[in-house]
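**Student:** Turn these sequences into a full structure, and let the hints steer you where they fit.
Heads up: the sequence lines are chains A and B, in that order.
If you read the first sequence in the numbering used here, its first letter stands for residue 1, the second for the next number, and so on.
If you read the second sequence in the numbering used here, its first letter stands for residue 127, the second for the next number, and so on.
Calculated directly from the structure, the hints in this document are not laboratory data.
Here a beta-carbon is modelled for each residue, glycine too, at the ideal position from N, C-alpha and C.
Careful: at least some of the hints might be erroneous.
Quick list of the computed label-pair ranges, beta carbon to beta carbon [claimed, not checked]:
id : chain 1 : residue 1 : chain 2 : residue 2 : range
1  : B       : Arg502    : A       : Arg6      : 29 to 39 Å
2  : A       : Ala3      : B       : Val257    : 17 to 27 Å
3  : B       : Gly382    : A       : Pro34     : 47 to 57 Å
Short derived list, chain B residues pointing at chain A, Cβ under 10 Å [unchecked claim]:
id : residue
4  : Ala323
5  : Gly324
6  : His475
7  : Pro476
8  : His477
9  : Asp478
10 : Arg485
11 : Ala487
12 : His494
13 : Gln498
14 : Ile536
15 : Phe537
Here are the chains, one letter per residue:
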Amino acid sequence: MDALYRDYILEHYKNPRNFGELHPHDLEFHDHNPLCGDELGVHALVEDGKIADLRFHGQGCAISQAAASITSEELIGMPVEEVARLDADWVIDQLGIEISPTRRKCALLMQKVMRGATTGDPSWPE
Amino acid sequence: MGAVAETPAVDVRADFPVLTREFEGKRLVYLDSAATSQKPRHVIEAIDRYYSESNANIHRGVYALAREATDLYEGARARVAAFVGADEATTIFAKNATEAINLVAYSWGREHVSAGDEVLITHMEHHSNIVPWQLLCQETGAKLRYLSVSDQGELSLDELEDVLAGGRVKLVAFAHVSNVLGTINPVAEIAARARAAGAVTLVDASQAVPQMPVNVAELGVDFYVWTGHKALGPTGIGVLHGRRELLERMRPFLGGGDMISKVEFETSSWNELPWKFEAGTSPIAEGVGLGAAIDYLADIGMERVRAHERELTAYALERLPEVEGIRVFGPMDAERRGGVVSFAIDGMHPHDIAELCDREAVCIRAGHHCAQPLMRRMGVPATARASFHVYNGREDVDRLVDALRAGRRIFGL
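**Tutor:** Structural data, given as structure tokens:
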């Protein structure tokens, strides 16, 4: 089996969870990876300080789309303040694969967008 | 499509040391020459010899070593000029093609372009031939306009005529060969029409000079730029060929040493061409390396280089469609395109395609290729791109096709 393109990674890429738009929404953010032009946007509903629902949309490689899909399942139900603090290690743990330096930003784009949506500061997660 | 030739016209792989490398037991297949070419031993040795035997600062040294370094650098300039049918005095060395375009945008553009004027470029330009003109137009209030690209990846001379007929175009800037589509644009025809309409032309020849015979004088363009590192030479050196009357009237680009005739407390006067545009210590070793690169290409013969590129491109255009779900962009006739093929595969993002090719030691590029407006025109976020040079052979295209098929299997396609 391929070390990067595991079955579940490809499964999330082909059938992403929580893909689409959400109207109305409380939080919204769009961003892109300048290295490759991949684009990602999120819409989120907030209830009692927690992410009540979430959709992502855009286009990207298998790694960026799988990262968005896999983490979206964890993000729903999480306090907004906690979402804002999630770092790169958390994202890569969720993915469960080794990410080379050249693909790191692919994996982290979703969390960059989530930081933008929750804090207004879309800095890359460290 | 014509029949594919039996054997490539050139077999010089052994001259390129890096191509002996293997990754996990697989011979390196380098298909990214449109990004940067590999270097033959001749170029590497020329640079090494320069530093080992002849290094000194050029132009004003009175000792023999400095004269030797100056002769090597200026000798390279003379041969680079002759290589493309240009004059030495109007052949200016810059850092790269991007800097050469910025030189023209700054020194010519700011004097001649103003509010109400138009700068005309095309949808197939590299960012290096877009952003300098955006900056110029933002500063001056001129309007930036684009010529469209057809579904076949070509420009329309009728559309060019229509825009020129408006009478406001001051400059037409376009690629000789597209770095994404491979399209070879009709440079002489475009230049003639622009000149008839009173517009100046700038051609980005970064993808042309490395792979086909070029005669700048015959093309009839005003500014013609290219870069050394795509033409088997080192990084850090680019070339601007300009029309003498324009260059003479232009202000300098960067100020400093070497570009002056006399410096007084308040003002200075400028050195003659080409040094007026070469402030500071020159990229001497890079110039010597570029001289060795064009000597190497001239020894092969640019007609043969072009024939080799055409044959390999035709072979790639024949074999790539064997991969299921593939879409190839640009003209499908190898006569009308250079040695670059962009493609997409259904169900696989270009980044994943390039990653999976890397597993097979096949180097291709993925992304927007610094041509985001063109990506939007083509309706894709990115493409995968394979590009060829003299050191590639048909077996490299075979390895690419095998890698793409293996990648599709991993993706369960």
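**Student:** A separate judgement is required for each hint: does it hold in the structure or not?
**Tutor:** Verification of the supplied hints:
no.	hint	verdict
1	B:Arg502 with A:Arg6: 29 to 39 Å	holds (33 Å)
2	A:Ala3 with B:Val257: 17 to 27 Å	violated (39 Å)
3	B:Gly382 with A:Pro34: 47 to 57 Å	violated (32 Å)
4	Ala323	violated (35 Å)
5	Gly324	violated (37 Å)
6	His475	holds (4 Å)
7	Pro476	holds (8 Å)
8	His477	holds (4 Å)
9	Asp478	holds (5 Å)
10	Arg485	holds (8 Å)
11	Ala487	violated (16 Å)
12	His494	holds (4 Å)
13	Gln498	holds (6 Å)
14	Ile536	holds (5 Å)
15	Phe537	holds (6 Å)
Comparing the model with each earlier hint shows violations of hints 2, 3, 4, 5 and 11; every other hint is respected.
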